[in-house]
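Participant: Numbered per the numbering used here, the sequence shown spans residues 1 to 76.
No lab work stands behind these hints: they were computed from the structure.
Heads up, a few of these hints could be off.
Result set (DSBU-like, lysine-lysine): computed pairs, CA atoms no more than 35 Å apart in a straight line [stated by the list, open to error]:
1. Lys35 - Lys45
2. Lys26 - Lys45
3. Lys26 - Lys8
Computed spacing ranges between beta-carbons, pair by pair [claimed, not checked]:
4. Pro61 - Phe38: 22 to 32 Å
5. Pro14 - Glu51: 54 to 64 Å
6. Phe37 - Leu13: 31 to 41 Å
7. His56 - Pro14: 48 to 58 Å
8. His56 - Trp34: 21 to 31 Å
9. Arg12 - Ser39: 34 to 44 Å
For each residue, glycine too, the CB sits at the ideal point set by N, CA and C.
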Amino acid sequence: MQSFSAKKRFTRLPLAVEITLILIVKIALLTLLWKAFFSEPQTKKMRMPTELVEQHFLSQPPAALPSHLSPSETRQ
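Let the hints inform the model, and build the full structure from the sequences given.
Facilitator: Rendered as structure tokens:
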């Protein structure tokens, strides 16, 4: 019966070196994805004023409708 340490590995490198190489590749891929999709907005016009964003997030949420009224009844 084989133990866990006798399982076949992809490389003959020491385990610490193999793990380090895998982590370096993962970090490089995540960096490329970040630069490709999240680093900058597509256009300069996509930026919003900071005050407007703060006002939106810090304002009170609208009051909830009473549960016994349907949306069609509130329009009348």
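Participant: Hints first: check each against the structure and report whether it holds.
Facilitator: Now for the hints, and whether the structure bears them out:
1. Lys35 - Lys45: 19 Å, holds
2. Lys26 - Lys45: 33 Å, holds
3. Lys26 - Lys8: 22 Å, holds
4. Pro61 - Phe38: 22 to 32 Å: With a Cβ separation near 28 Å, Pro61 and Phe38 satisfy 22 to 32 Å, so the hint holds.
5. Pro14 - Glu51: 54 to 64 Å: 56 Å, holds
6. Phe37 - Leu13: 31 to 41 Å: Distance hint for Phe37, Leu13 holds at roughly 32 Å.
7. His56 - Pro14: 48 to 58 Å: Cβ of His56 to Cβ of Pro14: about 53 Å, so the range 48 to 58 Å holds.
8. His56 - Trp34: 21 to 31 Å: Given a distance of about 26 Å, which is inside 21 to 31 Å, the answer is holds.
9. Arg12 - Ser39: 34 to 44 Å: For Arg12 and Ser39 the Cβ distance comes to about 38 Å; the hint holds.
In this structure, every one of the numbered hints holds.
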